[in-house]
Amino acid sequence: MGRDLPFLIPEILLSLAVVAMLIAEMVRMARLALWFGLAGLAVATLATLPLLTADTTVFGGTYRIDLLSGWAKLILLPGTAMALLLARAEIAGQQREGSVYSLLCLVTLGALMLAGSGDMMLLVLGVVLTGLGSFALVAYPRDDAATEAGMKYLVFGAVTGSVMIYGLTFWFGGAGSTLFSDLGALEDKPLIAIAGLTAVIVGLGYKASLVPFHFWAPDAYDGAPVSVAAYLSVITKVAALFAFAQVLRDLPVESNWPLVIAMISAVTMTYGYLTALVQTNLVRLIAYSSIAQTGYFLMGIVALGTSAFAIPGLIVLGAAYVAMNLGAFAIILLAGRGLDDIRGFGRRRPAAGVAMVVFLLSLTGIPPLFGFVGKVYLFGAAIDAGYLWLAVIGILNSVLALGVYLRIVVPMYQSAPEATKSFDKPSPRALTAVIGVTAVLTLCMGLLAGLLPG
Amino acid sequence: MSFLALTLLAPLLSGLTILALRRAPEALALAGTVLGLIGAVGLFIAASDGTVEAVLPGLPDMPLRLVATPLTAVLALVVATVAVFVLTYATGYMAGDPEKARFFGTMLLFVTAMQGLVLAGDWIMLLAAWEMIGFASYLLIGFWHGRAGVASAATRAFLYTRSADLGLYLGAFLLIGVAGTSEISATLATTGAPALIAGLLMLVAAMGKSAQVPLQDWLQRAMAGPTPVSALLHSATLVAAGAILLIRTAPMMPGGALLAIGIVGGLTAVITGLIALAERDLKRLLAASTASQYGLMLVAIGAGVPIAALLHLIAHAAIKSSLFLGAGVFQHDREGTGLDTLAGAGRARPGIFTGFAIAALALAGIPPLAAFFSKDAIIAAALASTAAPWLLPLALAGSVLTGTYMGRALNVLWTGEAGPARTPVPFMAIGMGVLVALAAGLGFSFGALEHVLGAQIEKPGWIVPAMGLAVALGGLALGWFMAPARLLGPLLAPAQNGFTVAGGMDGLILRPSLSIAAACEAFEQRLLAAQVGLIRNLGLGTARLADRGDDTLFAFSIWIGQQSLRLGQDTRSIDTNFIDAAIFGLVRRIVEAGARARHLQSGLIHRELALTVIGIGLIVIVLLTAPHYF
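The listed protein sequences derive, respectively, from chains A and B. Its first residue numbered 1, the first sequence is counted upward by one per residue in full-length UniProt numbering. Its first residue numbered 1, the second sequence is counted upward by one per residue in full-length UniProt numbering.
Incorrect hints may have been included.
Derived, one-sided and incomplete: chain B residues facing chain A with beta-carbon distance under 7 Å [said to hold, decoys possible]:
id	residue
1	Ala-128
2	Thr-155
3	Leu-259
4	Ile-263
5	Ser-515
6	Ala-518
7	Ile-605
8	Ile-616
9	Val-620
10	Ile-621
Distance ranges between label pairs, derived from CB positions [claimed, not checked]:
id	chain 1	residue 1	chain 2	residue 2	range
11	B	Ala-148	A	Gly-305	52 to 60 Å
12	A	Asp-143	B	Ile-621	39 to 47 Å
13	B	Gly-256	A	Leu-46	57 to 65 Å
14	B	Thr-51	A	Pro-350	38 to 46 Å
15	B	Pro-57	A	Ala-92	39 to 47 Å
To be clear, the hints were calculated from the coordinates, so they are not data collected in a lab. Please read these numbers as outputs of a predicted model, since none were measured by experiment. C-beta atoms are modelled at their ideal positions from N, C-alpha and C, and glycine is treated no differently.
Sequences are here, hints too, so could you generate the full structure?
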């Protein structure tokens, strides 16, 4: 126990920050809550750095301190800080402002738990902790759309969550332990392995919005505040995908999980991009394209254990995806939710326009941007693992991706129709900071990817 | 090493400076390209003594490499040379444009990307450069994006070339996987089935970039950009990338892949030659001719003599940039590039026309101009190849057509009214003049070049030059004297339509994917709402149940309210008004909440969940029936 605590310093610091934020919110000092949150996230990020080289487990193997969970902290904590700033830009001065900040940090705590889970109980805890906070965040605006979105998210979460818990009991029965590292015992118990695997796919697939568990996502993103949509599209999603990797790398390959994950990957990216191709609402377009991006992550999960590119690929694309998707949502916050709202945006706001082009091109996977590096890794991983057909589908989809994202780029540089909403109002400082940081990361990290884990 | 850096960094830095400063773009651009040219010359001299290599940090285990062998150094030299003179010309051409800075900046970034591709020593670097070229060409083709149709033309070019990138990704990773390294020279030792598959995949990638049949139609549509852009794209850069890829990987190609390359190239040479002949627009004619000439290069690669393809690529780079630059001057004069509009334009500018004519004759293969030598090398290669019965007729037909469409273009430019005299165009004339001189004289350097590259081409006997000359003269005569309608006969209409099969890429890929996309959307929006079978009953039943629950809850609340009211009235010890307010307030709240819940389209959730359940079922079925399980 005493040995374990130093490995948990980032989580402990974040929890303390959340407590401080709740107190600040109680005395109605929302700005103070924001500062507590930012400081807590920053300190927790710094505290993660010395732990990056560790590869161990704590609390009897239930919580993993390894490369994946270390990088999850390094990606998700700063990502949450960006989301806090976005929320500040969007809802500053509203009632309950401070509770949004504390909920965001609390959900991130659950996300960290997901990404490091080495045990079924902890996995369930992570799913529930991320879920409860998210429902409230989605329903924050208290209008019809948000209430419906939150409701839908809740019902989906309840159903998939209970299916997951039910299925995990099979694994527990079969393996005699709740630790993932004991899943090897299922090698000769195929039916039990399948039952649990299906349940985990449902539970985490819902969190990561894989097809066909994605239905809540576009409605939730559209109904929620833009900053919350940005947060949900990156933080909980990346955490769920990392949790997927934690579970599946211990599951015997005999249960054929790589094949079924590969099929879901192919369906998810194709369905996501095709549907994104016909959206007219910018938030929904990005929502569907985020679903498609999840499919690319799955290519790395398919190759876990068979390709050396898999884990670095997941980490690199995870970091890239958080930066570029948050950036794109920040621009939506600035420009508006409709595809028409962005017409002429690039002409009126040249710097923000260039930033948006950088985000979208990086999402498409154009070099030398960050997204390209992640995709090269994951295509390589899929081919390495013998899933050539999956790589073919992935590359074909990156053509579709170009079509999807150019639908935003092209109108940005057309002339704006008369008397539209003005883009000239000054953007809040918090928003400018988020756009600047994410744009620089997206631009430069592609060139510095050699520094990332190998 | 330092020359390597100069070749790449000079254009990159000057491009970035232009984009940042937005001042003196012409001077900076020329400085950058001239420095790049000096770097390329130095690199060429250094590389002829021995390979120059630089290893940069890249991905872990896969560093980025730059390699200057004699082959890659020659290509870098060609790119740098064409860039200098095209940009000199552009100084005049873009003189009045308000967005000069963006133009020159993008052009330099494009040149940098191309040098990166040419000098790439590992597959990741090559992939990155390949994609950047695609993106930079998108920016350049769409430079005048405000004009009608330009943005869509640029998008189309980008999408089409990118779909063929599939081949490069798969081929490169296949080679990396087999060889265990990403270094290009090491992966070329691959043999057997992987080499064949990788070779065919590379061919797919090259077909997209070099506009080979059936992926040819994007190239002509890409004429929407400024003329210097076309001159650069069609000579030594974008389109050349495909042929360069095949030339570099030629040592690995087994016989089957070579045959496929030769046939694709031969068919393209003929088909796009016919399209060029049927064209009614000078720039589009030149664009089709580019595809046709790259087809001839592929024939040489397929015949197993990639050095002949390289020579033709070099000759073609000088010739085609000259032709486009000439066309640009005529376009300036006549405000259009339609052949009807340009009739007689050559008479008004005898100097420019002479340059254009020299380049045209060079392309047709008239001695001693550049392409005479390279085309002979291609015909000789086709003749000596084991696949000669296939390749030779296609190569000869492609050469005849070259003469024919160039003859026609010359005829149109010369016959007609000259119109009034024009203002001089000094920068344009200088840029074009040098390139024309190269187009005329480059052939004499080919012997020395073969020596440096260490690959001598056997000098053919009299039969090949005689055949080449006859074909060139015959083609030119046909083109000068006969109208295309008579030459092409029934082929005219399909040739004017670009021989699109089943609607071309639009019909084969674009429209189907859009309709699938619409179907997906409909599935999500409408099919869900459509009431079908089990799902309907489930959904409606649950909704009814929820409704009844709602009513019960409502009645219950009223009852509680009434009971409490009675309690309140009975005791009378508490302020009745307070109780009233509280209880009726509570009841009102609950009714409101119910009304709000009815607003929700909660029925949809059930249907979506039903689809989720179907998804779970499919996953279980896949897991149970998957092979190698039991």
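Quick rundown of the hints versus the structure:
no.	hint	verdict
1	Ala-128	holds, 4 Å
2	Thr-155	holds, 5 Å
3	Leu-259	violated, 24 Å
4	Ile-263	violated, 24 Å
5	Ser-515	violated, 10 Å
6	Ala-518	holds, 6 Å
7	Ile-605	holds, 5 Å
8	Ile-616	holds, 6 Å
9	Val-620	holds, 5 Å
10	Ile-621	violated, 10 Å
11	B:Ala-148 - A:Gly-305: 52 to 60 Å	holds, 54 Å
12	A:Asp-143 - B:Ile-621: 39 to 47 Å	holds, 41 Å
13	B:Gly-256 - A:Leu-46: 57 to 65 Å	holds, 58 Å
14	B:Thr-51 - A:Pro-350: 38 to 46 Å	holds, 44 Å
15	B:Pro-57 - A:Ala-92: 39 to 47 Å	holds, 42 Å
Checked against the numbered hints given earlier, this structure breaks hints 3, 4, 5, 10; the rest are met.
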